[in-house]
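K.L.:
Top line first, the protein sequences correspond to chains A and B.
If you're matching positions, the first sequence starts at 0 in numbering that gives the first Met the number 0 and goes up one per residue.
If you're matching positions, the second sequence starts at 0 in numbering that gives the first Met the number 0 and goes up one per residue.
In case anyone wonders, no lab produced these hints; they're calculated from the structure.
Accuracy of the hints is not assured; some may be wrong.
Because identical chains cannot be distinguished in the list, a pair is counted as satisfied if it fits within a single copy or across any two copies.
Stated by the list, open to error - In silico DSS-like links for lysine-lysine, alpha-carbon gap of 30 Å or less:
| # | residue 1 | residue 2 |
| --- | --- | --- |
| 1 | Lys30 | Lys67 |
| 2 | Lys55 | Lys30 |
| 3 | Lys11 | Lys55 |
| 4 | Lys67 | Lys100 |
| 5 | Lys124 | Lys30 |
| 6 | Lys5 | Lys30 |
| 7 | Lys55 | Lys124 |
| 8 | Lys55 | Lys67 |
Protein chains: 2
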Amino acid sequence: MVSSMKKSLGAKTLVYPTPVFVVGTYDQAGKPNVMTAAWGGICCSQPPCVAVSLRKATYTHGNILARKAFTISIPSEDHVQQADYFGLVSGRSVDKFATTKLTPVRSELVDAPYVQEFVLIVECKLAHVIELGLHTQFVGEVMDVKAEESVMAKGGSLDITKVKPLVFAPDSQAYYGIGQFVGQAFSVGQGI
Amino acid sequence: MVSSMKKSLGAKTLVYPTPVFVVGTYDQAGKPNVMTAAWGGICCSQPPCVAVSLRKATYTHGNILARKAFTISIPSEDHVQQADYFGLVSGRSVDKFATTKLTPVRSELVDAPYVQEFVLIVECKLAHVIELGLHTQFVGEVMDVKAEESVMAKGGSLDITKVKPLVFAPDSQAYYGIGQFVGQAFSVGQGI
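Bound-form chain A, shown alone (with noise of 0.2 Å):
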């Protein structure tokens, strides 16, 4: 057994990537909000399910309790500044969409609304809610994933380098963009 070199950071919440998933409810007056959360993922394929955790403090977390649904809008690097400022602000005290002259536009499938200037929206029902200590996760089934027809490449499948998402990185507390291609899953293996 080789000896490790690596230096111990502690116990602590860091991976890379992390996602920036701008979480989309109405509260119980129906005003939408938005929030911004980096703690989440695709968590199962059948049923297509996706977590995000959220502090019980958040003004989402009862919205998503009471509504039993939510959306996930994808912010471009265009977006930036509107993702942050959506994690800087609660929904009980300021309207989100007015502030920032977005656009909520109320999902067909669930009773969540999404972003309509974001590219990239996921509509999700409430599945599950599990109780992990400050956060709760909640695993929402995806009913439908939307784009914008000019970030589809040729074949109808989406092009990440159009999208531009947004790569949160815990530690230094930065926003990234995608970089370059580096290889094609399920094949540059192969050669092992």
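Using the hints provided, position chain B relative to the given structure of chain A.
P.N.:
Quick look at chain B alone, frame taken from chain A:
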């Protein structure tokens, strides 16, 4: 309300970014194994937890249940071939460390091995097992994060541009690198 011009892609597992986690476990005989998974992410801050979802058919699934532990080794762009290979073959029939000439290191904190040559690793004790359908979600409590000093910035935080983690794009099944710095979180949105 503005009508959406978005096109429906159907109910599928499609968000950006998704991570490339190399999950390390021991089998019943004590043989170290690794497999690659993209369905996962951080799911709680206190206690610090990370989730990874695996199909029941995988060798790693049984290993985690038996050992109550796993590690996540984050592959860099330099190791894309090995990371992809770890998702192509099963530890039931192959010793993946032997075939890739990578080095398993026994964690001193949890009953699982990690990949010596990968620059960032996370050691997890199994905390929750959640059946979601085709995939089982394993929530691990992070006991420690370790990194090579070569990927650290001044002050001890990690430099994501030195870690060079992979991003997986589910729709096109391709790996991408990390791109340019786009903005500082909890800061760039304050201008709104």
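K.L.:
It remains to establish, for every hint, whether it holds in the given structure.
P.N.:
How the hints compare with the structure:
Taking CA atoms no more than 30 Å apart as the test, lysine 30 paired with lysine 67 passes inside one copy only; the shortest distance there is 15 Å, against 44 Å between copies. In this assembly of identical chains, the alpha carbons of lysine 55 and lysine 30 lie at most 30 Å apart only when taken from the same copy (19 Å versus 41 Å across copies). For the homomeric pair lysine 11 and lysine 55, the shortest alpha-carbon distances inside one copy (20 Å) and between copies (28 Å) are both at most 30 Å. Within a single copy, lysine 67 and lysine 100 get their C-alpha atoms as close as 26 Å, which meets the 30 Å cut-off; across copies the closest is 48 Å, which misses it.
In this homomeric assembly, lysine 124 and lysine 30 come within 30 Å of each other (Cα to Cα) only inside a single copy, at 18 Å, whereas the closest approach across copies is 41 Å. For the homomeric pair lysine 5 and lysine 30, the shortest alpha-carbon distance between copies (22 Å) is at most 30 Å, but the shortest distance inside one copy (49 Å) is not. Taking the closest pair of Cα atoms, lysine 55 and lysine 124 come within 30 Å of each other both inside a single copy (19 Å) and across two copies (24 Å). For the identical chains of this complex, lysine 55 and lysine 67 are neighbours both inside a copy (15 Å) and across copies (28 Å), given an alpha-carbon limit of 30 Å.
In this structure, none of the earlier numbered hints is contradicted; all agree with it.
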